[in-house]
Amino acid sequence: MQSYRIRRINWTDLFMWVVGAALLALIVGGTYLTLQQGKFTAVQWFDLAVFGLAQGSVYALIALGYTLVYGILRMINFAHSEIFMSGAFIGYFAATGMQRAGFMQENPLLGIIIIFLTAMTTSAVLAILLERIAYRPLRGAPRLVPLITAIGASFFLQYTFRGLFGTQNRAYPEIDVIKGTVPLFGDFQIQKIQIIVIAAAAMMMAFLVLFVQYTKTGKAMRAVSEDKSVAALMGIDVDAIIVRTFILGASLAGAAGVLYCFMFRIVTFYMGFIPGIKAFTAAVLGGIGNPAGAMLGGLFLGIFESLGPTLFLDGLGVPAPYQLKDVIAFTMLVMVLIFRPTGILGERLSRAKA
Amino acid sequence: MFAEVFAELGGEVTAREAVNVGDTDMKPVLTSIATGAPEIIYFPIFEPEGNLIAAQSREVAGLETVILMGADGLFADTFPEATGSAAVGMYLSGPYVDVNDADYKAFLDKWADQIGGVPPSGFHAHAFDATNMLLNGIEAVAVVDADGTVHIGRQALRDYLYGLKDYNGLTGNLTCNENGDCATGEALGVFKLSEAEVNGSWPPPVFWQP
Amino acid sequence: MSLLSIENIHTYYGNIHALKGISLTIEKGEIVTLIGGNGAGKTTTLRTISGLLKPREGAVRLNGEDLSKYKAHEIVYKGISMVPEGRGVFARLTVTENLEMGAYSLKDPKGISSNMERVFTLFPRLKERRTQVAGTLSGGEQQMLATGRALMANPSILLMDEPSMGLAPVLVELIFDTIQQINKEGTTVLLVEQNALMALGIASRGYVLQTGQIVLSDTAVNLKSNPTVQKAYLGVE
Amino acid sequence: MSTTQNTFDWRKTLQLGLIGGLVGVLIALVGMVDEFDKRDIVAGTLSMGWTLLLLTALITGYFAASMMPKGRGLPGIVSAVVASAIFAVVMSVLAWLVDRFDLRQVLVNASPNLVKILTFEQGVPNGLFMLIGAGAAVGLLGGVIHILPDRIRKAVALGLSMVALLGLLQEIIQVSLAGFEGVSKALEWMFGKGTEKGLSVAGAIVVFIVVAAGNLLWNTNAPKVNAQFNKLPQKSRRSLRWLGYGILFLVIIYLPAVLGLYLTEVVNSTGLFILMGLGLNIVVGFAGLLDLGYVAFYAIGAYTVGVLTNFSGELTWHFGWNFWLALPVAVSLAVLAGVVLGVPVLNMRGDYLAIVTLGFGEIIRILALSDFLKPSIGGSQGIVNIPPPQFLGVLINNPQTLYYVIVAGAILALFISQRLRDSRLGRSWKALREDEDVAQAMGINLVATKLLAFATGAAFSGLSGSILAVKLGTIYPHSFALLISINVLALIIVGGMGSIPGVFVGGLLLAGMPELLREFAEYRLLIYGALLVVMMQVRPEGFWPEATHKRELHEAEAVKPAEAEA
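Residue numbers (the numbering used here), protein chains in the order written: chain A, 1 to 354; chain B, 1 to 210; chain C, 1 to 237; chain D, 1 to 566.
Next comes chain A alone, as it looks inside the complex (with noise of 0.2 Å):
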């Protein structure tokens, strides 16, 4: 069902232009300003570009499982940033135990690939455990019901995770095949790391998109999100669609949780709380329930951010323009909410009424 709200001239939405203009003249200025002072160096911004394109990646991995829940159950996965953290949590514990039985100095690639498998599994167990035990007696509820399920869940799960293992930082041990850089040409060089998230990233993507396009599974997913009635007229499990939906995002965030600490390798049980938020906005801003779109909003948003503060700011004299970057994140999610309500890429599937 289309609605089409009336555009009428009135002071809030002149309001919203006055305040937007504001912002973007504030963002060209700046970035005149920072460019025309040039005080970094073309290599320092494609460091930075290339740093905020493998932070995208991982954005646009544990957005996606936002976008896949939200495309078929239409509820905010509040506790989606807790299986992110559950998977790199449980990869660590893999990895240090490798680490010290020496096997992952023998066989390095061996040892990545049962951490990836490690942790997608305990994130994808967690969705499972999750969607059965908590989202599942609540379909058909007011949908404030399972969105605040969804925040306790949150929680329950961090401070569990935090009661369990403890509070300290734990990093994931330094794994020698993946340090190091690639020289590109001149100055320019990229990190090995930085390659294999991207390289990743874009791979379990692709597969994504194959998987939705092409399988029984995915073809069905995508009918459950439009029609969950006519869906089980056809025969489709919807119970099952959506666990194996639940299972595809979680593993994607368990993926995304071993990259993640392999570019940063700490580990703590409330470190799925920012990156969460991010993938959310990334998902967002793409257009949430369009698996494109969060990966398009993911890689902007994670460039953005690496780049933003220190382009828009920088020039302006803002003295630690960096602290000010969730403040641009977040500013710009509610700018594209309100100039386009739909994300970048627009709400694939038929919004749905509140």
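Among these hints, one or two may not hold up.
What the hints assert, rightly or not - Derived BS3-like pairs: lysine-lysine, alpha-carbon spacing no greater than 25 Å straight-line: (1) D/K116 <-> B/K110; (2) A/K216 <-> C/K110; (3) A/K216 <-> C/K78; (4) B/K110 <-> D/K38; (5) D/K12 <-> C/K69; (6) D/K12 <-> C/K71; (7) C/K127 <-> A/K216; (8) C/K71 <-> A/K216; (9) C/K107 <-> A/K216.
As the list claims (entries may be wrong) - Label pairs and their calculated CB-CB ranges: (10) B/N136 <-> D/L14: 57 to 67 Å; (11) C/G135 <-> D/L472: 52 to 62 Å; (12) A/I274 <-> D/N397: 35 to 45 Å; (13) D/I205 <-> C/H10: 48 to 58 Å; (14) C/G37 <-> D/Y245: 49 to 59 Å; (15) D/L14 <-> A/F207: 33 to 43 Å; (16) D/A521 <-> A/R136: 28 to 38 Å; (17) A/D13 <-> D/Q537: 39 to 49 Å; (18) D/V339 <-> A/Q168: 43 to 53 Å; (19) A/D13 <-> C/T228: 51 to 61 Å; (20) C/G135 <-> A/L210: 14 to 24 Å; (21) C/G37 <-> A/T217: 40 to 50 Å.
Simulated from the structure, these hints should not be mistaken for lab results.
Here a beta-carbon is modelled for each residue, glycine too, at the ideal position from N, C-alpha and C.
Knowing the structure of chain A, use the given hints to seat chains B, C and D on it.
Chains B, C and D in isolation, oriented as in the chain A frame:
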């Protein structure tokens, strides 16, 4: 404070930056720092942000070999392990206690006996002294009522502590001044991390001591 | 034994008592129609048979087997397919994909492709538009797609909910012709229609529903000539 | 329902026992058993850690009994005993594993102390048998409770919970009663001797009997009392009610004197949460706009008062205003912020709204923390030296005086909430909550209605923040984390969304109790999380629901079986 003293002593501060708790990507901050081509980065912050700064500084063009220095917030046995090879050669300022002091040795023995291992972070000796001073103070000023209620006068306790002289603690011979500051100048040192600490040994050797 | 028998079912929407003891039977090879006004319970009956709603009392039996322990998607495996009201095509899936979803319950790829051929023979228009996204089809084409999709599961009974709704008269004719043809090929049909005249024209028997109860049941011919039916549903004064 | 089996379904019992066991293992491994073991409910006999485990066993047994088709007979009891015994077996496997292997590298709470607790300090083989025996015994109790008639079961449950509550609050009760010589002497038997915590055994038994019997008596006689009350003439009914109000008023006035410093402090922080809860209740409960960045207004209120009144001289501006002058400015700024946030989110619904408001809350916190605004609002060092206000010559600088400011604020907010709820605006909010499109079609001005909801909510939060500023005397950005928003949200949900008394119930449960039970501090958010999930499943309307909301949620529930298939 650090920056002002550093400048007074003839150093040049090329950049001052700040990060948020919870940040993980320090590259942009570090890149911005790199534009000033510094020789040393001093970051008196805590884990895990400190770990991330140390580790990522090695990956930013222009900072590959910069000297890193942290403060007591990073003076913990988890820091070098979690930071990995980037922590090798890094300096940490932290609480210094003479390991040859008999009292301190006794303290470490008790620690190993009751908790196991060595104290994981820096201020254990200070905390031990402070707690003991406080407990002594309470014992000294507490008044027991007829009905058994214990009264501890706030002002009396404060007076006791401010007036404390020649307390023989683990961190040295302590005398408090009129602001209630009792620490001695000898209690801080600079430590240098090496490969051994990254592989789990703790505490690091003292690099500089008063 | 009847192919499908419904025994005294009571179905509720929340606290609303929608079906108040409906009983009906359908024999193999028949076209049976349910007619009645808005809110009489026609759609509710179909939804109860297909398992989307569970009756609080009574039973739905297929070849004598009680279906109440099965979920909606399992009932498809038993041989009951439904063309939902308003067609319910998956607007963002292509025509082919929609048909594939109809055959979700089938495992055998050969069977699926031969079924698809059969649907394309029934509705050549769909073949032309096989790669098109279903949301871009016209109303009539969507109805064809919904019908074809339901046939993909090899149903022994096809439940059709208001196939004529919102269609031009020419298309309605076409759809009803197809229903007859499907029936001739061996599929039993239970047809719910507001257009009682058309429905009774192709059905062998009919039931008249009013406020959740069956008030009349007879052969289609007799119902057509029944004065009450004529007055209430056929618009004859 | 579909499947009813008349045979003993051992598989379900086994399943339930295992689930119960896993829950128990989780409780033990997150460290709750160990941590809570330090607090006794019945001195020397029963600790809170054990209570938690026994409760899990009891619930396992109870459910096992209720799952049996003829749950009220012998099969139910057998099932209960078996399930709880399985629970205990799982726990003993845990104890054995923890005893045998050092798991602390991974599971930080798998400590020798845990084994000690689980085995009653009897060592591994013997203690484990005792554990299984205890499990079975508690299961028996669960099964028996299931057999009891409803009335008695409720009385027993209430009696047990009162014992637990009094046991937990023993210290506080004794301290606050210390002033009343006679009473405290008379109650000495009730509590543990000397430094022991919790009730004495005799005390526990007496409390249980008194509460359970009292509840039974009340339940049998309540209808009569009510009828009596209704029979009274209008005039005396009214005067009785006024008498009630009068007593309540006196209690409120004299409360801080009775409670003493510490408890008044607890009441104060609870009061601030209730004040915020009343505001968020308008936004979420009345108007159905899920706001996760509510803490922003709290921060704005606090910072405004901080900037306007501080005398530290480290900031660019020091106005040195009087608190009473700064207060209205703070509230107005919060309202303004509410409107400014409200405008961009006017067209957003549900999920989007939640995330954008969350983002807004974070923006405010990060800005407060940033070096960018450090000169004006202190950055991470916050604002110190906020002077205590004076009222009619009385310096409000301790919990007891501040208490009256908070109570006054809460009463004002309560009054406004109540009036708004019953007003035209309140009905518009409700319409908005039920269905935005319909509300608009009915001629409700969405812009004004939504903005007013945000503005009113922000006002209460700003007021709360202003009081916080003078309560603490210093404010730091860290006091305004997302967790505050979640805390307030949890509070109104647990109390009952849209229900004004619910805010008070939720406030006492989620803000007051954790202050008193410091052992909970570590597990506060874990418990909140679990509470939210469980509440949404079994009692989405909250503990003290508003009438229409309850009806609506239960209607949804009635439709659910059908929808769930769909």
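Restraint status (C-alpha distance of B/K110 to D/K38 at most 25 Å): holds (24 Å)
Status of the given 43 to 53 Å range, CB of A/Q168 versus CB of D/V339: 44 Å Cβ-Cβ, so the 43 to 53 Å window holds.
Hinted pair D/K12 and C/K71, Cα distance within 25 Å: It holds: about 21 Å lies between the C-alpha atoms, which stays within 25 Å.
Pair hint A/K216 and C/K110, alpha-carbon separation not exceeding 25 Å: The hint holds at about 15 Å.
Range hint 39 to 49 Å (beta carbons of A/D13 and D/Q537) holds or violated: holds (41 Å)
Hint check for A/R136 and D/A521 - Cβ pair distance inside 28 to 38 Å: holds (33 Å)
25 Å Cα cutoff - pair C/K107, A/K216: Cα-Cα ~11 Å, so holds.
Outcome for the supplied range 51 to 61 Å, where the beta carbon pair is A/D13 and C/T228: Between A/D13 and C/T228, where Cβ atoms are some 59 Å apart, the hint holds.
CB-CB spacing for D/L472 and C/G135 relative to the 52 to 62 Å hint: The hint (52 to 62 Å, Cβ to Cβ) holds, given that C/G135 and D/L472 are roughly 58 Å apart.
Distance restraint evaluation - A/I274, D/N397, Cβ atoms, bounds 35 to 45 Å: holds (39 Å)
D/Y245 and C/G37 - C-beta distance against the hinted 49 to 59 Å: The hint (49 to 59 Å, Cβ to Cβ) holds, given that C/G37 and D/Y245 are roughly 57 Å apart.
Straight-line alpha-carbon gap D/K12 to C/K69, limit 25 Å: holds (19 Å)
Checked against the numbered hints above, the structure violates none of them.
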